[in-house]
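Colleague: Two independent chains are provided; combine them into the complex using the hints.
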Amino acid sequence: KAGVTQTPRYLIKTRGQQVTLSCSPISGHRSVSWYQQTPGQGLQFLFEYFSETQRNKGNFPGRFSGRQFSNSRSEMNVSTLELGDSALYLCASSLEQMTRSEQYFGPGTRLTVT
Amino acid sequence: AQKVTQAQTEISVVEKEDVTLDCVYETRDTTYYLFWYKQPPSGELVFLIRRNSFDEQNEISGRYSWNFQKSTSSFNFTITASQVVDSAVYFCALSEAATGRRALTFGSGTRLQVQP
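Going down the list, the protein sequences come from chains Y and A.
Going letter by letter, the first sequence gives residues 1 to 114 in the working numbering.
Going letter by letter, the second sequence gives residues 1001 to 1116 in the working numbering.
Because the hints were derived from the structure by calculation, they are not lab data.
Each residue gets a CB set at the ideal place from its N, CA and C atoms; glycine is no exception.
Worth double-checking, as some hints may not be accurate.
[Claimed, not checked] To give an idea of the interface, some chain Y residues facing chain A are shown, with a C-beta separation under 8 Å as derived from the structure: (1) 39; (2) 43; (3) 56; (4) 88; (5) 90; (6) 102; (7) 103; (8) 104; (9) 106; (10) 107; (11) 108.
For reference, chain A alone in the conformation it holds in the complex (with noise of 0.2 Å):
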């Protein structure tokens, strides 16, 4: 079954640290997606990044980096000199290609806090 883990619940820095959200993911398919998510104070899900499984590139998109490792199934956010305005809860999710299994898998969310 897919599961996916972000082991820091909660994650507090000051504003200009760079900061990195760990996500790991389980999977039996070899095709699959993976994706962050922002959850800011207003609940609104905003989309991140897409990665399909056969693509290990990493991706910069300004202040954002993303790390995906299939041999240790991660795929690591970083923010580069955090802002306030990157306070939000983080989710990092999941889907296969397969029929009946294309749902998003959410992990439990990592909440960040960046304070002036």
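Chain Y extracted, bound-state conformation (with noise of 0.2 Å):
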């Protein structure tokens, strides 16, 4: 089986833009969640969706966004970046909605803002 891919692996941007960052979860998983990974904070929760629908979200600013699509794949999108948004952008996909099964991460979006 095919695991979980992030597109793009690598993106630059600018503050100010904003970016869509891409999620194709492993075959027949229906939940992804989102996390962001930086140096100082570690690995935070954004979001994780089920079913088309958000069902948890972290504490992050409403700037974070994210949407499901009918085949579990998944986007999540940043607008007016910050310098302080530039991490690696994990994202994860489950079974079931999280906990009741494991988490499979992909190898991430590595954002950079300039």
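Modeller: See below:
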């Protein structure tokens, strides 16, 4: 089975711009979660989607949003980028909603905001 | 609030040594799940183990073993006869079953360097 894929792998954007990251879960997995990883804050949960509905949301500003499509693929969007948004964004998929089954992570998208 | 503490920031060992990575957690729930993930230099988090709060049995998988002790809120990870390929950052994580707190809360990670 193919693993979780994320595109693009690397991205450089300018402050004030917006960005969309994409995640394709493992085939058959219905839950997709997003995490931000930075050297200062570590790994932090952004949100989880299950059956096209946001089920959980972390403590991030409204500039961070996401959605999930009927095929379980997910996108996250960050508007009005700030320097502090530079991070590795990791997507994880699981068979069921979070905690009921293991989450499998993709390779991440490294976003650099200049 | 849930919290995971990995007090060891970095550990360096020589190949074939045994090494234990510590993880202490805090939670107010009686039902929760504990995880260990490995993050090699490539960046992808690799799932190692999931343990629920009702199962305190220790687990062994090859050179890896896990010791879960609810009495001390710890979920430690031991690598026996370490190898260079074990070099990575290891994360311990916790999630609660209660609605609204299901997200994984990660520790700050322990960087393990295994020298040849």
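Colleague: Honestly, which of those hints from before does the structure not fit?
Modeller: 1
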